[in-house]
Amino acid sequence: AQKVTQAQTEISVVEKEDVTLDCVYETRDTTYYLFWYKQPPSGELVFLIRRNSFDEQNEISGRYSWNFQKSTSSFNFTITASQVVDSAVYFCALSEQTGANNLFFGTGTRLTVIP
Amino acid sequence: DSGVTQTPKHLITATGQRVTLRCSPRSGDLSVYWYQQSLDQGLQFLIQYYNGEERAKGNILERFSAQQFPDLHSELNLSSLELGDSALYFCASSAREGSSAGRNEQFFGPGTRLTVL
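Residue numbers (the working numbering), protein chains in the order written: chain A, 81 to 195; chain B, 29 to 145.
One or more of the hints may lead you astray.
[To be verified] For each label pair, taking beta carbons as the anchor points, the in silico distance ranges come out as:
hint, chain 1, residue 1, chain 2, residue 2, range
1, A, Val164, B, Gly70, 23 to 33 angstroms
2, A, Thr110, B, Lys85, 16 to 26 angstroms
3, A, Asp109, B, Gln69, 29 to 39 angstroms
By construction, these hints were calculated from the structure, which means they are not laboratory data. Glycine included, each C-beta is placed from N, C-alpha and C at the ideal position.
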């Protein structure tokens with residue numbers, strides 16, 4: 081069965097600090113897809129990144145970076161030099177190759193960046 | 029702006045009533061998904077349609093149903109509403125026409141906040 085665990089319920093950091101959001105997943109599929117979404121206070125879900133299981137290359141996009149490690153079933157998200165606008169709930173999600181294209185979400189991590 | 033639109037933004041109704049939530053996917057996207065976000069259940073997949081046909085069902089109650097129309101917009105119907113149905117309902121779309129129906133990222137609409145009193 082598939083599962084996504086985001087053990088950090090809430091994190092608070094001071095502006096300009098770096099912060100890492102953890103995501104651990106479980107799946108029996110050998111091919112799967114991992115995602116991160118951001119939900120700001122306004123409520124919408126904003127797509128951040130998709131990673132395929134066969135591509136373990138880490139990715140950097142501006143202040144955002146993602147560390148995918150199949151050996152530990154983790155897909156962690158780091159924000160460098162955090163800003164107040166980064167305050168949001170961040171969701172990690174999994175989609176398996178077998179079955180439908182639906183997303184299984186973790187419970188989310190609420191990040192608060194203090195000015 | 030994801031390109032996915034949902035109406036209405038807010039809906040307040042009473043127990044036992046029936047409501048319809050509407051979603052228009054991004055231009056060219058054939059797949060529509062419905063998700064429910066509640067405090068106790070988190071974000072849960074309800075149902076998926078692809079080009080008018082039901083593709084997958086998740087934790088969708090029998091009191092809930094959905095359909096996707098020829099113009100690709102979708103409606104989620106919730107009936108015999110209960111207090112516990114109060115939640116944020118998201119629609120998402122993926123798979124532009126002509127691309128593979130693989131595991132494309134899903135783009136979410138702004139959601140409909142349903143309050144059942």
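Structure-based check of all given hints:
1. Hint check: A:Val164 to B:Gly70, Cβ distance near 26 angstroms, so the stated range 23 to 33 angstroms holds.
2. One distance hint, 16 to 26 angstroms for the beta-carbon pair A:Thr110 and B:Lys85, holds here, with the actual separation near 25 angstroms.
3. A C-beta distance of roughly 24 angstroms is found between A:Asp109 and B:Gln69, which places it outside the suggested range of 29 to 39 angstroms.
Going down the numbered hints, you'll see the structure goes against just number 3.
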